[in-house]
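With chain C's structure known, arrange chain P on it following the hints.
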Amino acid sequence: MIPWSASIRVNWTTHRPAGPGSMTPRQRRLHLWVPLFLVWLLLLPLVLILFPFVALACIFVRINALRLYATAWSVLTSLRHTFVEVHSPAANVRVHLA
Amino acid sequence: MNDDRKSILEMLAAGKITTDEAERLLTALDPKPAPPATDTPDAYASAPTSAQGRSKPPKYLRVLVEADESTTGLRGGPTTVNVRVPMQLLRAGVRLAGLIPPQAHDQLDEAFSKHGVPVTLSQIKPENLEELIDHLGDLTVDVDGKDENKTRVRVFCE
Numbered sequence: 000m001i002p003w004s005a006s007i008r009v010n011w012t013t014h015r016p017a018g019p020g021s022m023t024p025r026q027r028r029l030h031l032w033v034p035l036f037l038v039w040l041l042l043l044p045l046v047l048i049l050f051p052f053v054a055l056a057c058i059f060v061r062i063n064a065l066r067l068y069a070t071a072w073s074v075l076t077s078l079r080h081t082f083v084e085v086h087s088p089a090a091n092v093r094v095h096l097a
Numbered sequence: 000m001n002d003d004r005k006s007i008l009e010m011l012a013a014g015k016i017t018t019d020e021a022e023r024l025l026t027a028l029d030p031k032p033a034p035p036a037t038d039t040p041d042a043y044a045s046a047p048t049s050a051q052g053r054s055k056p057p058k059y060l061r062v063l064v065e066a067d068e069s070t071t072g073l074r075g076g077p078t079t080v081n082v083r084v085p086m087q088l089l090r091a092g093v094r095l096a097g098l099i100p101p102q103a104h105d106q107l108d109e110a111f112s113k114h115g116v117p118v119t120l121s122q123i124k125p126e127n128l129e130e131l132i133d134h135l136g137d138l139t140v141d142v143d144g145k146d147e148n149k150t151r152v153r154v155f156c157e
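Chains as they are written, first to last, in numbering that gives the first Met the number 0: chain C, 0 to 97; chain P, 0 to 157.
Next up, chain C with everything else stripped away, as it sits in the complex:
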């Protein structure tokens, strides 16, 4: 199953001036939910247009085009449940493909 959505969370701290010579830290937060199924739908026509060109390129470099398509699809489908999280003093970033 291809990933249908991506959840991106970013937390970071900015400093805004609170007076002469002083800065107040302010927590900033960004929570994004990206509906990937819409991205796939938008990309689908482009992929269909590119299909024959990719097949032609595969003939030139002697790669089995069907195997390439199958592998590309398996990469796409296996991306689901990928999770990356980085915590640092500067920012926290979390990306989850669901």
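Please note: incorrect hints may appear among the correct ones.
Among the chain P residues that face chain C by a calculated CB cut under 7 Å, a handful are [stated by the list, open to error]:
hint	residue
1	75
2	81
3	87
Sample of chain P residues with no beta-carbon within 12 Å of chain C, all distances over it, derived [claimed, not checked]:
hint	residue
4	2
5	19
6	20
7	113
8	137
9	138
10	142
Now the stretches of chain C that chain P is said to cover, found in silico as 3 or more residues with beta-carbon under 8 Å [said to hold, decoys possible]:
hint	region
11	58 to 68
12	72 to 80
13	83 to 90
Derived from the structure by calculation, the hints contain no laboratory data. Quantities reported herein were computed from a predicted structural model and do not represent experimental measurements. Yeah, the Cβ is synthetic: ideal placement off N, Cα and C, and Gly gets one too.
Then chain P, alone, in the frame of chain C:
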């Protein structure tokens, strides 16, 4: 207490084996399922200490990195990285590597070795994929920095 467990503890008491060896043997005697995947920043602490005793094939490859301020140059605390990659993606990656034309293998191998990764792509074959992933299931890599370097790296499957 069964005989096997008793004999391991006796060997430990007699100094014939170390505590680490005793722990490994006891874990092997009493297999426990791998803990569930966690998405919390404390994942480093909850990571399994041993890959033994796993009944199900691993589904994810986990990489945990914890670096202190002196390594990252960022003040305010350590930096942690927690990555969970589905094993399915590894399978797909090996299949993708199998599509690379043979004439490009030498160039890629050279580029890999230049960057300190001595990999021979032609030896990674999709036929050996399942065997490779089976062995990855028993993989646990722990890297602890010494002296000034306080970086900890943990690679394991779950």
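Outcome of the hint check:
For residue 75 of chain P, the interface hint holds, the least distance from its beta-carbon to any beta-carbon of chain C being 3 Å, beneath 7 Å. Annotation: interface hint on residue 81 of chain P holds; nearest CB of chain C at approximately 4 Å, less than 7 Å. Nearest Cβ of chain C to the Cβ of residue 87 of chain P: about 4 Å, under the 7 Å cut. The hint holds. Every Cβ of chain C is farther than 12 Å from the Cβ of residue 2 of chain P; the closest lies at roughly 43 Å, confirming the non-interface assignment.
Chain C leaves residue 19 of chain P outside its interface by the beta-carbon criterion, the shortest separation being 30 Å against a cut-off of 12 Å. At roughly 34 Å from the closest C-beta of chain C, the C-beta of residue 20 of chain P stays outside 12 Å, upholding its exclusion from the interface. In this structure residue 113 of chain P is separated from chain C by more than 12 Å, as the shortest Cβ-Cβ distance comes to about 24 Å. At roughly 21 Å from the closest C-beta of chain C, the C-beta of residue 137 of chain P stays outside 12 Å, upholding its exclusion from the interface.
With 12 Å as the threshold on Cβ separation, the claim that residue 138 of chain P sits away from chain C holds: the shortest Cβ distance comes to roughly 19 Å. With a least beta-carbon separation of about 18 Å from chain C, residue 142 of chain P lies farther than 12 Å from that chain, consistent with its non-interface assignment. A count of 6 residues in the region 58 to 68 of chain C with a Cβ less than 8 Å from any Cβ of chain P is obtained; the coverage claim is therefore met, three being the minimum. For the region 72 to 80 of chain C, the assignment as covered by chain P holds, since 7 residues bring a beta-carbon within under 8 Å of that chain's beta-carbons and 3 suffice.
Given as covered by chain P, the region 83 to 90 of chain C passes the check, having 7 residues with a CB less than 8 Å from a CB of that chain where 3 are the minimum.
When the structure is compared with the earlier hints, no violation turns up for any of them.
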